[in-house]
Amino acid sequence: MKQTNKQKRGLWAIMAPVNNYIRWAMVISALSGILSVVGFVFLAYVIGLIMGGSIHLFGFELGFKEALILLALITILSFLTKFYSFVISHLGAFKLEQILRTDITTHLAQIPLGHIITLGTGAIKKVLLDDVKNLHAFVADTTPMMAKAIVAPLASMVALFVIDYRLGLVAIAILLVGAVLMKFVMKDSVMHRQNYEQSQSEINKAVIEFVQAMPVVRTFDDGTTSFKRYNDALAKYRTNLKTWFGSTSTSARIAMTILSPMPTLLAVTITGLFFLMDGTLEFAPFIAALLVSTGMADALMPLMWMSNFVKKSSAAAIRIQEIMDIPVLHISKAHKKIETTDIVFENVDFRYNKKDNYALKNINFEVKAHTVTALVGPSGAGKSTVAKLIPRFWDVTSGSIKIGGVDIKDVDSQALMDTVSFVFQDTFLFNDTLSNNIKMANPTASDEDMIEACKAAQIHDFILSLPNSYETMAGDRGTNLSGGQKQRITIARAILRNTPIVVLDEATAFADPENEEEIIKALANLMKNKTVIVIAHRLSTIKDVDQIVVFDQGEVKEKGKHQELLAIQGGIYAKLWSNYEKAQHWDIHHNIGGAL
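All you need for the working numbering is the position in the sequence shown, starting with 1, plus 3.
Be careful, since some hints might not be right.
[To be verified] Calculated cross-link-like contacts (lysine-lysine; reagent style DSSO-like; alpha-carbon spacing at most 30 Å):
{"id": "1", "residue 1": "K371", "residue 2": "K562"}
{"id": "2", "residue 1": "K129", "residue 2": "K358"}
{"id": "3", "residue 1": "K533", "residue 2": "K405"}
{"id": "4", "residue 1": "K98", "residue 2": "K68"}
{"id": "5", "residue 1": "K315", "residue 2": "K371"}
{"id": "6", "residue 1": "K129", "residue 2": "K315"}
{"id": "7", "residue 1": "K585", "residue 2": "K564"}
{"id": "8", "residue 1": "K364", "residue 2": "K562"}
{"id": "9", "residue 1": "K412", "residue 2": "K357"}
{"id": "10", "residue 1": "K339", "residue 2": "K364"}
{"id": "11", "residue 1": "K546", "residue 2": "K585"}
{"id": "12", "residue 1": "K560", "residue 2": "K546"}
{"id": "13", "residue 1": "K364", "residue 2": "K560"}
Just so you know, these hints were derived from the structure itself, not from any lab.
All values reported here derive from a predicted model rather than from experimental measurement.
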């Protein structure tokens, strides 16, 4: 499903891989609709035989028995064509679902990881599950119904004109009146629908905010503020819905009534009876006209309701195409090898999107092999962004990042992953055993290697204390473990991977004092003989590193060792250190007493 031409967008473009299934399903479904109309007409003439009429078909006169058998065959054929049209459409739907999910996941694996983080799990889940499911339902159910809904009214109209053109004109006149009224009803539907969907979105946001912020609400709020937002969203939703219904309800009811089968049937019945009594219409054609005329209105109604499914599926297709349009990570064919682990940033500029301001500007610094460099600075200074450029979570906008003199863009992605490991501030564990969670860093590692890594990460003894030891389930996102325990599991994972470069994104940020001591020991083992970049907020942990790089507003402002940076008069690092020391001497009783 790779898009070679980005102009081809929308619902039908995304269903191109299963067009043959869709075409055959629609053709067979349309044939089913035609056979249904033929069956109704033939049924009327079979009833006419009972009343003394006759049936002539291709020059042969049919008796009651032959006509009944033919009617049964038409009915069975109509049923079979309808059945197999849905069989074919469902086969196409399952194939499309497989193609889309395979292509989307393959594409997600090829785009920069930063895009995955930016999209968020909610958006990816919606596309992979909900949107693909919507397209599956559209192909499986809507396409055959759409074909029948289009062909059946046309076939009914043709049959009605063949039976008696006067009755055909009556039926069309009724439908035209209903269509004019419906057009009046739908004139502002786009505006009303947009307001309706916007208010729905606001309700969803308010509900999510209220649920996610429940601990804060219960602690600091009696619910009036947060619940008011939800209540206001509901009020707006009610107002929009009431306005929509108020402006269209009366005319909509009239239009729906006219477009229902009953008015058409009533008009054709009264007109047909007049012609029957006049002697210009026979009984069998009259019954056939009654049966067929209802088919015109009856088949139009599903066609109108299907527009909602088309809009919903079109929106799903566009969301999928937006993800498929994200450029894949450029992989050079050079596949150069990294021999040493010194890291050099040369004139690096970076922005997330072309419309955004630069997050990083003219970044230049070097990290010597087997040294530790700390990145510090105020929140939003660009520290984490710099670190995430090294394993190519994003690609630089301009400039270059080199490892061992090799531009990381010229390194195979797997080779780069085998060179750089990342210990995130936010840990993630799968709902699997602790053993599998650790071994995912190196699936070929032996149990002995895993145990040694866990010992180095200061987590082995804790794991042994669990009832199932290394086979204990971590729980969904590691819910069975504390934050410090999860962090040490991820450190064990990084130790087992054993890459020569390690990037630490403030690994002790959320640890309690006891876990922090264990984590620091674990990190010390992880950092042995490695080239290390540390993103630091607790300045006490990086006093003795080989180099400190200070960032502010996306630029490198200072570089040097701890004492060198403290000596800079009015320097950013000196201010950060001063604030850090003040925070260390802060005492709750002293400060509360002073405030009182």
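Original post:
When the hints from earlier in the document are held up against this structure, which numbers fail?
Top reply: 4 and 5
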